[in-house]
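My request is simple: use the sequences and hints to build the entire structure.
So the sequence lines, in the order shown, correspond to chains F and U.
Going by full-length UniProt numbering, 298 is the number at position 298 of the first sequence; the sequence numbering is gapless.
Going by full-length UniProt numbering, 109 is the number at position 109 of the second sequence; the sequence numbering is gapless.
What the hints contain is simulated information worked out from the structure, not anything from laboratory work.
One or more of the hints may lead you astray.
Claimed, not checked - Residues of chain F clear of chain U, computed beta-carbon distances all greater than 12 Å:
| no. | residue |
| --- | --- |
| 1 | D107 |
| 2 | L121 |
| 3 | L269 |
| 4 | Q353 |
Said to hold, decoys possible - Straight-line distance between alpha carbons at most 20 Å, and here's what the computed SDA-like set of lysine to any residue pairs gives:
| no. | chain 1 | residue 1 | chain 2 | residue 2 |
| --- | --- | --- | --- | --- |
| 5 | U | K172 | F | D131 |
| 6 | F | K166 | U | K138 |
| 7 | F | K172 | U | P132 |
| 8 | F | K138 | U | D170 |
| 9 | U | K335 | U | G383 |
| 10 | U | K172 | F | D263 |
| 11 | F | K258 | F | R295 |
| 12 | U | K138 | F | P173 |
| 13 | U | K138 | U | E267 |
Only a predicted model underlies this, so the values are computations on that prediction, with no experimental measurement involved.
Even for Gly, the Cβ is constructed at its ideal location relative to N, Cα and C.
2 protein chains.
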Amino acid sequence: MTTLPIIEDSLFGLDNLPYGVYSVDGSAPRVAVRLHDHVIDLGLLLGTEGDNDVFAAPTLNPFMAQGHARWVEVRAAIREALRGEVPQDALHRLDDVTLHLPVEVSDYVDFYASEHHASNLGRLFRPDNPDPLMPNWKHLPVGYHGRSASIVVSGTGIVRPQGQRKGPADEKPVFGPSTRLDIEAELGFIVGTGNAMGSSIAAEDAEQHIFGVVLFNDWSARDIQAWEYVPLGPNLGKSFASTISPWVVPLLALQEAKVSVPDQEPEVLPYLQMRQPWGLDVDLEVVWNGETVTRPPYAAMYWSPAQMLAHTTVNGAPTRTGDVYASGTISGPEKNQRGAFIELTWGGKEPVQVNGEERTFLEDGDQVTLTATAPGANGGRIGFGECTGRILPAR
Amino acid sequence: MTTLPIIEDSLFGLDNLPYGVYSVDGSAPRVAVRLHDHVIDLGLLLGTEGDNDVFAAPTLNPFMAQGHARWVEVRAAIREALRGEVPQDALHRLDDVTLHLPVEVSDYVDFYASEHHASNLGRLFRPDNPDPLMPNWKHLPVGYHGRSASIVVSGTGIVRPQGQRKGPADEKPVFGPSTRLDIEAELGFIVGTGNAMGSSIAAEDAEQHIFGVVLFNDWSARDIQAWEYVPLGPNLGKSFASTISPWVVPLLALQEAKVSVPDQEPEVLPYLQMRQPWGLDVDLEVVWNGETVTRPPYAAMYWSPAQMLAHTTVNGAPTRTGDVYASGTISGPEKNQRGAFIELTWGGKEPVQVNGEERTFLEDGDQVTLTATAPGANGGRIGFGECTGRILPAR
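Laid out in structure tokens, this is it:
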């Protein structure tokens, strides 16, 4: 048995306690919780008897399916256990473990919840339209379904996608590796318990259903996307890969991060109205080959995670344990707050400096890492796990 | 033991042998095959030893994951076994069993592969555009991801979705039950074995990956869809429910149904070219409250199922056992071949007669059934299982 130190100012202290799935030296993946730079096997910490059998599972899904009351109970039990003596065999150094995709993803939806991002993309993709926002944008959180199988854990290599594109100068479409490979810095929300077909989740009940939050990089091939996206939306421009951070920050850890969303004018329909502040004050950072190039503020997002879930289900569509929905690119009002390179470089026309080089879109070998922090208890801050990926050459 | 009769002209004879999942009196669901009006438990017919353990599973996924060579082998074994004596306990009357969703659906993509349908919808949704087809339409099979959790088996009640809509006369969006609830008569293709991320499936290899075919009704709320679909495509207008037939017709049973697709002009890119005819001569029928209202011909579809799969994976996106992709509405050149009511009634302006009543979109209590047949061996025909659903009032 050992006693873990209490580290002041840790981004991964007792107020955070994100969940993940780890293995060590090829062992079977199991559920863990992170404290500072320790990975703690939850089954060895709390036992695997009775309801705790879910900690021996290879994903968080069985635990998440136990519901909100259990999430509260287990979090309290973990905090209690970590203040005492911890079994030595439950404890690993972060550097010694392999982290796995923490959830088995059911359905995945990507939204478009930043007014700044939607406006910037409207200007870039539809320059002739007087209003960069579509008429529906302020009435509903626009979103589309993406490919669940393409969601991978941080550290997975990203193969440059091949596909069709047709630039203004091309007489007909050409095929080849994407030449405008981009990122989208987002938050992803993990549905812990869903709703049955024909029912819906009210915005004020979303708190009971959302298990936690991850960083989410929605890699995007802008040339493929621009050619394919009318009229049914993005498909191959996005479906090759999306990366999530390995640690799921519990929504229960983000209570101090709750803020009001920006004023919603015109007033939204009743099913989208919220009684409590439901924005999240999460500050992201995008690191390109080691250099921070932009700092997207989640607090500036127009639509809240609760509204996205209420909208997803208002037509009676079912959600399930393991559903992931992402916010869409997080962009703030300032240039250095834009969460996609197409915006940051204004369609590639205004390169940014990365380690002294002028850069626009991603080149083979480039690495992009998202990090984030949010207010925690007692004036401290809590961190998100890294969300990183390196571009591999097209095959 | 009993010997089953050989019925001439049966749509479900030895040349068809579709797979499904059944239970009887609340028993655990198991894999079955259909012969005429008999449901035959595959585990009891062929045993569940070794590789045959997959027949005791509650979905077809484990069997499908065994791959193409096993599909060929098992089909031959079934035909052999059904020509001999069949154990009495393996045999059920179709009317005595409950049929379940035959596959656990992984990712779901819906295409838009009928030129007639895409042209009709272009004229209806974008009347000011001179060309009803978007510039990309003849270069790639346009498609979007849909909601896997919403795919239900034939016979499941369809709750009328609620949602936002904004008609031309509405000053702002209104909320309520959809008033333009529609069908889309499609075929769905079940991926038996997929591809790893970063690899792709060539059009000529699609045959090795596609396990079988179902009838697919992509219920659509046109008022919700019309308001939400720009710029990221359909979401709530579709995500409330899609119905599939309970019997998966093996692609191996459809060899006589192979036909060339219509001429593809302009020539498609190399990754979409096919060496063999890959269209399917399947004749559908749409029955509205007992009356046949339209007969969509699958043979008229522009894009083939092989091209859809090649396109889905050309960017390195992974597919998995249990993926479903659907063709999009099947519409032929004639009015009585249109596979959606919005086309059949031209946006509701040209009602059709259903049991002597003038009808446009679906009313509560309406029932829609899709059926289909295709050429089988020796000049006969094979059938698809019924794909049916009744509209329940909004909740």
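How the hints compare with the structure:
Listed as outside the interface, D107/F is inconsistent with that label: its C-beta sits roughly 5 Å from the nearest C-beta of chain U, within the 12 Å cut-off. With a minimum CB-CB distance of about 8 Å to chain U, L121/F fails to clear the 12 Å threshold, and the non-interface call is violated. Remark: the non-interface label on L269/F conflicts with the geometry, its nearest Cβ contact in chain U lying 5 Å away (cut-off 12 Å). At roughly 30 Å, the least C-beta separation between Q353/F and chain U is larger than 12 Å, which holds for a residue marked as non-interface.
In summary, the hint linking K172/U to D131/F is supported, as the alpha carbons are separated by about 17 Å, within the 20 Å threshold. For the hint pairing K166/F with K138/U, the CA-to-CA distance comes to about 13 Å; that is within 20 Å, so the pair holds. This hinted pair checks out: K172/F and P132/U have alpha carbons roughly 19 Å apart, not beyond 20 Å. Restraint check for K138/F and D170/U: the C-alpha separation of about 16 Å stays at or below 20 Å, so the hint holds.
The suggested pairing of K335/U with G383/U is violated, with an alpha-carbon distance near 24 Å, which exceeds 20 Å. Taken as a hint, the K172/U and D263/F pair is honoured in the structure, with Cα atoms around 18 Å apart against an allowance of 20 Å. The hinted pair formed by K258/F and R295/F meets the criterion: a straight-line CA distance of about 19 Å does not exceed 20 Å. Restraint check for K138/U and P173/F: the C-alpha separation of about 11 Å stays at or below 20 Å, so the hint holds.
Between the alpha carbons of K138/U and E267/U the distance comes to roughly 9 Å, so the proposed pair stays at or under 20 Å and holds.
Checked against the numbered hints listed earlier, the structure breaks hints 1, 2, 3 and 9; every other hint is satisfied.
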